[in-house]
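Colleague: Those sequence lines, one after another, are chains A and B. Basically this note's numbering = 1-based index in the first sequence + 496. Basically this note's numbering = 1-based index in the second sequence + 496.
Rather than coming from a laboratory, the hints here were simulated on the basis of the structure. There may be inaccurate statements among the hints.
Copies of the same chain look alike in the list, so a pair counts if it fits in one copy or across any two.
Lysine to aspartate or glutamate pairs mimicking DMTMM-like chemistry, simulated, CA-CA at most 25 angstroms apart [said to hold, decoys possible]:
(1) K680 <-> D506
(2) K695 <-> E537
(3) K639 <-> D592
(4) K623 <-> D502
(5) K608 <-> D677
(6) K586 <-> E671
Protein chains: 2
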Amino acid sequence: MELRKDYILDRWVIISKTRAMRPHQFKQDESIYANDKGPKECFFCPKNEDKTPGEIGRISEGRGWRMRWFPNKFPAVRLQGKYDITTDNKFFTYSDAYGEHQIIVETQEHDKQMTDFDEEKLVEVLKTYANRIEDMRARPHVKYVTVFKNHGKAAGTSIIHSHSQLISLNIIPLEVQTKVDAVKRLGGCPYCEIINTEKNSHRRVFENDNMVAFTPYASRFNMEVWVFPKNHHKRLDDFTDEDYLDMARCLKHILAKLKTL
Amino acid sequence: MELRKDYILDRWVIISKTRAMRPHQFKQDESIYANDKGPKECFFCPKNEDKTPGEIGRISEGRGWRMRWFPNKFPAVRLQGKYDITTDNKFFTYSDAYGEHQIIVETQEHDKQMTDFDEEKLVEVLKTYANRIEDMRARPHVKYVTVFKNHGKAAGTSIIHSHSQLISLNIIPLEVQTKVDAVKRLGGCPYCEIINTEKNSHRRVFENDNMVAFTPYASRFNMEVWVFPKNHHKRLDDFTDEDYLDMARCLKHILAKLKTL
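Kindly produce the complete structure, drawing on both the sequences and the hints.
Modeller: So, in structure tokens, the structure goes:
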């Protein structure tokens, strides 16, 4: 796995051959869920724990678990090799794709998606994100951590059982760096201003004491929604318990609405 | 149709409601070509010329045509309204989505794709691109013209009959501007250097007297290929007849190879 920079732009890509070898529960051109083999053969279902890489952690329940996390079996990055960026011949800039790629399985239940989780469960998921991010950012040479969750075949999901992914990296992606630079240039916190503006606009879709959600002014996708804490927090683990609960309520509301569309 | 800038980044999007109303020859979740109704009902086939917006031009053949171009019936931009960029309240930057959106139908034959065209036909297509680009860039307030060709359902094609699209705009997209700035900073023509490097590397996939094709060092997609003239040309219509012919040969070779994969 290699991290490579474009000849000219500060745009990075991960070159990985092994990712193409992932198992797929969707067949090409088959409709969603058509090729799901069910709990017996699912890598993320209980009783199949030995089919995943060694567990990093779990939230236990009795002798079993409510959530568990482990390294991705087909990682896009790993903690091996050279994390320093090298430039050869002016145009070839690279390093090993250095970082961690983890999976969080959020539920034992094969058929439950995030939209089916109750508020308490959503809080547990969010707190686990914060905990995983903190763990990953504490490692040396990590400059960026991202959390994502693909849903449905069109999003590239290969396993139907509800899960989230985290990737840490030894570089800051171009778009993130551009945003950091722009925020510095603007002075103060532009997001606090944006939130104040949008919570009074027709683009607001949900608001409670601590959270506000709105469709961004220049949205790139249909149904795109941004969720923000109203208080200025730099990091997810700066959230108070009230923030987590209000975020869970906000997510619950939005996911329920999206399901009806 | 509106052009809107992100709150913070110089990233623009076109907000368009009418694009969702396009006819689709593909049904969702059906395999490619499954829902093609054939030449009789195809908007781009001969005898149905009255189903497209008024023709801008054509390459005639007898009483018919070999190629024809016209405005897109469901345009993403149009030559109406305000082309100047306005900024309200610091975060809301916009204009009308000002520009042209044209379609080139490249062949009368419903089932022929670009990979089936001979060299002479490919030269005709390339020269028509150059001619259309020149026409569009001559209009006042146009800052950028892009040519693209979607192929297959996954690329978002709504009509199977082979065609290309051109869009002109009153802004320069962020990625293009970033590239222009980087090239200025690097001095000279970095692309001339990149071409010289890559034509001697294992990433070269084709080369003839005037053209070279290679898979870029930091490719973002499987099978991504870049094609360059070896001579330093700034614009497609600076191409000589030899350039056009060699570009056609290069395209022919690459498309034939891609078809076998």
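Colleague: Work down the list of hints and note, for each, if the structure agrees.
Modeller: Structure-based check of each hint:
no. : hint          : verdict
1   : K680 <-> D506 : both (19 angstroms within a copy, 15 angstroms between copies)
2   : K695 <-> E537 : neither (46 angstroms within a copy, 48 angstroms between copies)
3   : K639 <-> D592 : within (14 angstroms within a copy, 39 angstroms between copies)
4   : K623 <-> D502 : neither (36 angstroms within a copy, 30 angstroms between copies)
5   : K608 <-> D677 : neither (40 angstroms within a copy, 48 angstroms between copies)
6   : K586 <-> E671 : both (23 angstroms within a copy, 21 angstroms between copies)
Checked against the numbered hints given earlier, this structure breaks hints 2, 4, 5; the rest are met.
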